[in-house]
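Trainee: First to last, the sequence lines map onto chains A and B. The opening position of the first sequence corresponds to residue 2 in this note's numbering, with each subsequent residue numbered one higher. The opening position of the second sequence corresponds to residue 2 in this note's numbering, with each subsequent residue numbered one higher.
It should be emphasised that the hints constitute simulated quantities derived from the structure, not laboratory data. Be aware that a few hints might be false.
[Stated by the list, open to error] Which residues of chain A face chain B? A partial, calculated answer using Cβ under 8 Å:
{"#": "1", "residue": "N49"}
{"#": "2", "residue": "L156"}
{"#": "3", "residue": "D427"}
{"#": "4", "residue": "C429"}
{"#": "5", "residue": "H431"}
{"#": "6", "residue": "T438"}
For every residue, glycine included, the Cβ atom is placed at its ideal position computed from N, Cα and C.
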Amino acid sequence: MLRTIRIILAALAFAGITLLFLDFTGATHAFLGWLAKIQLLPAILSVNVAVIVALLLLTLIFGRVYCSVICPLGVMQDIIAWFGKRGKKKNRFKYSYSRPKTWLRVVMLVIMVASIVFGISAVTALLAPYSAYGRIASSFFAPIYTLVNNLFATLAERAGSYAFYPTEVWGKATAVVVVAAVTLIALAILAWKNGRTYCNTICPVGTVLGFVSKFSIFRPVIDTENCNNCHLCERGCKAACIDSKNHSIDRSRCVACMDCISICSHDAIHYKPVWAAAKKGEAKTDAGRRAFITTAALLGTTALEAKTGRRKRSGAVVPHNNPASQTRITPPGSISLKNLNDKCIACQLCIQSCPSHVLKPSTDLGHFMQPVMVYNDTYCRPECNSCSSVCPTGAIKPLSVEEKASTQIGHAVWHPWLCVPMANGDSCGHCAEHCPTGAITMVDGESAEGKAVKIPAVDSAKCIGCGACQALCPARPESAIRVEGHEIHHTI
Amino acid sequence: MSKIDRRTFLKGLSLATAGAAMTAGGIKLTAAEEQAAGKMEMRTSNTGDQVSLLGYGCMRMPTVDGTRNGAVDMDAQHRLIDYAMEHGVNYYDTAPVYTGGKSEGIMGECLSRHPRDKYFIATKMSNAWGDHSFAAGKRMYQNSLGQLKTDHIDYYLLHSVGSSIESFNQRFLENGLLEFLLNEREAGHIRNLGWSFHGNRETFDYVVSLHDQYHWDFAQIQHNYLDWNHASGRNVNSSYLYNELASRDIPMTVMEPLRGGALANVPETVARKFKERKPADSIASWAFRFAGSHPKILSVLSGMTYLEHLQDNIATYSGFVPCTEEELEFLERIAKEMIEFPLIDCTACNYCVPCKYGIDIPGIFQHYNKCVREEQMPLSKADDNYRKLRRAFLVGYDRSVPALQQANHCIGCGDCTPKCPQNIDIPKEMRRIDAFVERLKQGKEL
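Next up, chain B with everything else stripped away, as it sits in the complex (with noise of 0.2 Å):
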């Protein structure tokens, strides 16, 4: 008589969700199983609410004709709201400029069918497009009101701040703005004010230094595992945004946890790393467990125009499993891979070849991909086998490569890039690979 013991048979049945969901197109658990697994993870706000960590960004919504700026299919958009209440969601952030103006209006008209006190509202002072003065500002925060179909909003931001320290004084200091708003929150009719950040650092910090004067109850930034630590040159490291806000105690909503989409969409050697971990949750799973895993954020904002994804968000915040210290490196890891060390698109057509000053691109690319591809890239020093992949790359690109034909000889003339395919800025590609292969062999840390 066979006998399966009980790890055998856990296995199999793990094996076996993992092949439904994945055939489901990343959708974890189904409604039960979630109910199972346990209810929607909520923090806690410094005024006291209760907020659930997954927001709804209200920006992009299902249209009739699936085009992205068609009409908006009103039937599936109450079917989503519907749906996340149901399930806890009790964050739903707007702005006047949102789907081309229509947005407030048309979550007035979703939230309305629910009960006021059930969820909150986020809207912002997007007067950052146009027309500065106090009286348009006013209009626009009034008009905001009428649109949501309410007396009171619960988290106002001051909308894109960062630019720069003129512009956030010409915008809500010069004209009185933010007094009118700080009377508002007085007057109980703004319940949370703070503002959502996108910039540099120097007007970040000048911002948070009004903390002392207005108290800010909360800040909203971009926050993920890329953003972590390796912001794009216009943003400001969430790491340091994250810190920065906690120390003062000012709770935070996440936008962008995916940046655009970019995480749930992953290359496939990282994907692999992500299931190879956990071959049942979704790629974008890694990214909302992420942005929850700082106890300091109040809500995960996601913009879900499907169903799908609205489910595999509710799955990932209920019954809420933070990131161990040792996954929060992984996804370090994983973000230098992706940030520092995309896969080259290049299909050795040799079409760039023969260069002027002989540089062998298609080599140099087929030696970098390939080390990628194999995971043999030397990333950081602290990595056991550091010295010895440092060594294979290095002697391997000597040996693919002849010594003048390598990436340090591209002076970026250009004449290659029309000739590509692929659209592969190769001059670009060229000095970042000589800049990595250079600080391999000076020994430099990455």
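Next up, chain A with everything else stripped away, as it sits in the complex (with noise of 0.2 Å):
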């Protein structure tokens, strides 16, 4: 029973939290935003004390549930671990009582702690559980699903339909592709072949709460009258924290997943209160079942595939492919580059978010994954604000489109050299046409050749950096006029 409400919760956190790095259409922010914002991680950085003390009581009555229902990267674990118990009996009873390897778990948690509050970013994005699946997810869920969705805007576009359009499959820089396959691969194995490895050694998150866990009220007893050393439940064990020989379960590592009472059959193992006497009852389930729907239908998609070419019509055009500016252009309600750096875990939930496809995971290691805005055919949208309501950690600050509207993140430059009026004489005055704030005035000038033209002229006060300018440019391959970020966000 416990068991079976334990892997029904988790399918749908798993399924909701994934759904929210999926969708690129925003629908699904409003509602299912809140997984997000109840990770722990993201809780401590963005100082949400509400969801803290909550998930710190959740584990001091329950145990570690939150490692089974609400981290998406514990319940991917337990799915990759179900595909590797399949089979024969040897299987699915193959795990083993380790002892604690309290020091590594230790030295992980001193050096994520380190990384915090020294802000080295790119080891705390690489060690938070959360940023660890949020990568996956946008590396390669993401992509299946908007194959699919790509597939259904083909035929949708056939039948005259309006119900689905294509968007980006790949808008990932290789490296974060290239570290979310590596932590695949290497927490497949761990778990196909030991369960909740990771968990218990590696996970700063999971170190913390079996702290708290340790303490907690409810927690699986084994009942010695009633056990018959069967083993079973320890080799039954994912998180290897049953030692059947002396009838004890280490609650540290215990992740509350009630799979050795549904093992049990001589009803030796209840899950119960500290002063309670022991109680009766236990439910049997067809294990899993519902797992393996949704893992079905998530790998299952991996065999469609679909083509997104477009009909090309008069004369390609050449993207733009601007040099990176010299400070890195954040996100409206980044606040700074410091705040940025020190909350933000790399978790790609804002960059899956972007409806423009303007910020991308930036590659550099002094924030690596880290979200950067790239505007080379796109720009920050006047009427968007996805990327600041989604961010979990309060890296990004929720702003209401207004306030995004009067946040300087950057200026823009000017390169007289490219610029086409000066170049060849054409009369152009695009960027100043699209600038939403007015802060680009076409004023005379003269072009290479010696002919009167008119040329922009930034307000640098007026400018909040939005890159419409530099996005909208006809000058190829590089724009003529290029945002310069800020480390510090102003207001204008």
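Fit chain to chain and form the complex, with the hints in mind.
Mentor: Structure representation (structure tokens):
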């Protein structure tokens, strides 16, 4: 019974948070966004006291159910482990008790805390379990999702329906995909063979919650009177925390999955409060049929592929290929490079949610995988505040659309030698026309050949750094007007 | 035995009438039917005149050779005026400058065949063009009386005020001309004194504010369902003009009810919408019904050069049915569509491409025209299907034109314009379409 509840809740939470990463339309952000915000590390970084207290209380009462239900990386490992257990009975009971590697856990925790305190964001991002899942979901699940969507979009177009529209499939930096792949492969091997090894040796969140769950009120307890020492519980425990010889359970590593309760055929394991007497009651369920369906739905889609080739009309256009700005541009709401660096755990949610595909993961080691804004042929649209509304850690603070429109994240810089009127004497004024704040005015100037032309002049006090000018600039391959980021954002 | 019920019969009848009307070039009813339909709608002026809602604008007249500037065909002109008189039209608007200066004389001749108390003459102080002196103004006024063969003018207008306050002061105040005209009104030679307006709001407000001092008896404004809320740059929305004047109880005569003929000759999509609603009515009749629907309108002037137009208008205003609220809203939508979303005459000949900057000009125009033609334009957030149409427009736009080749990348270099055999101002249209797309994306009301 308890196990069934755990599986159902985990499946729902997992599906929800995965959907959050898959959805590129922004439709689910409003009602699924909380799933990201109740993750422990994001809650700590955003100083979300209510969530922190609630999670600690939850753990103090029930043990590490967080790891079994709320944490998407944990649930993903359970799914992989479930596949690893299929088949022969030998496979199903392949785990065994291991001694806690406390030193490793502590070292990892110390590294994590240090990396947060000293702002070594790349390390934080690598260790944070939620970020790891975010990278995996956005690198592997999302492309499948968008491919399927694009297939539907193609069909819809043929059918004259507007229900689906195609979107970009690979918006990621290769480095992030590589990191996600390494993480996924390592985790998959560990989970397939040994269940929750990662959670009980490396994961700093697991370590913190493990410390709390040592004192949890509800806990699985082995009833030595009923126990016939078959050791099945130990061999079925993916957390390797049941020492069946000594009838003890390491509660700091137990993720409260309730598997052992279901496994035990002698009613010798109970989940009960510290003070209560043993109580009977157990339930048998068809192991993880639901989990199978969830997984199958996700993995089965890999088989599908869609082509999103665009019909080409008159004259192909060279896309922009701009050099990165000297100071990186960070999304409105991130307040400053420092704030983003300190709070961002590189979960990729903002990047996934950016409808204009302006946000990309950074490949710079100093802020590895954190979002940066790249205005090649798109810009930060005035009506959008997606990234600020989804960020669970407070690295990007929520902003209204109006607030965003007055937040200066950078300023445009004109590069005369590339500018079309300067170069070939054509009259242009495209940047001035599309500037949402009226920061650009066209003034008298002289082209390279001495012709009188109008050239853009940027009032950097009015410029918010949205990149409209840069994205729409007709100069190729580099824009003649480009945004330089600000280390600290201002309000104009 | 086949039975025809009343409904079926009437339906058949109305369709037959519609068919007949189409072939007759928009004439709705025969004279007899029109009599049966009702009498000419009359409006009461502040001085108690019973004025016909249809007024006769006497600028363009039938010519012998059919050209615009040819000699006036007096027989045809007599026929028109007599016919109008017969059918209750009693307001005749002329000016010293109309028809190359001949209008007043011709109208004097046409009107003097009828009893002087059966019609009202409106003419103007047209001193905007040339001499602003008192002597010239007085001469113009006296000449009007002589040309029109009368000793009094029923409606006298300061012609075309509104370009600027200075100009108004120069023309009428500084030279003492207005004082003279006020005295003439006092003496009964001018029965109603007013002005016609073309211009800016500031001058309008100024002239209206003089009402307390001079008491304007009426005013003449450009009023039609386009100008109501969508006046062109050089004019003021007639909703503003009308409400300002109505709130001071100044009745109005209307000029340009068809906005220079544009509302009689509308795009096919618009015409279809009118015909779907009232298959038997002419397109122009909608504009006349609109103009007459506002109660402070005294008379709607139409420059009728052909008998058919006169007959159609008489039919509209005999047994006049004002527009319902719903119809006014419908006309506002039509106006929006005509002003904001005219079809672009692109034939996709592709002469304009390749564009130096990669814009897919024909693709953009085709998508836009397709949405206009199929009535899939997201016009107003108030519409039930706005969200659906908005999505269809934007998704369809991305489908038919790659992002980098859309209108927002046009820098207006103008290289394409001379290549267009349809003379489309391509950069201007690109800007217009992009502005529309941008408003859609930002979810702003149009």
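Trainee: Which constraints among the numbered hints does this structure fail? Numbers only, ascending.
Mentor: Hint check: 1, 2 and 6 fail, others pass.
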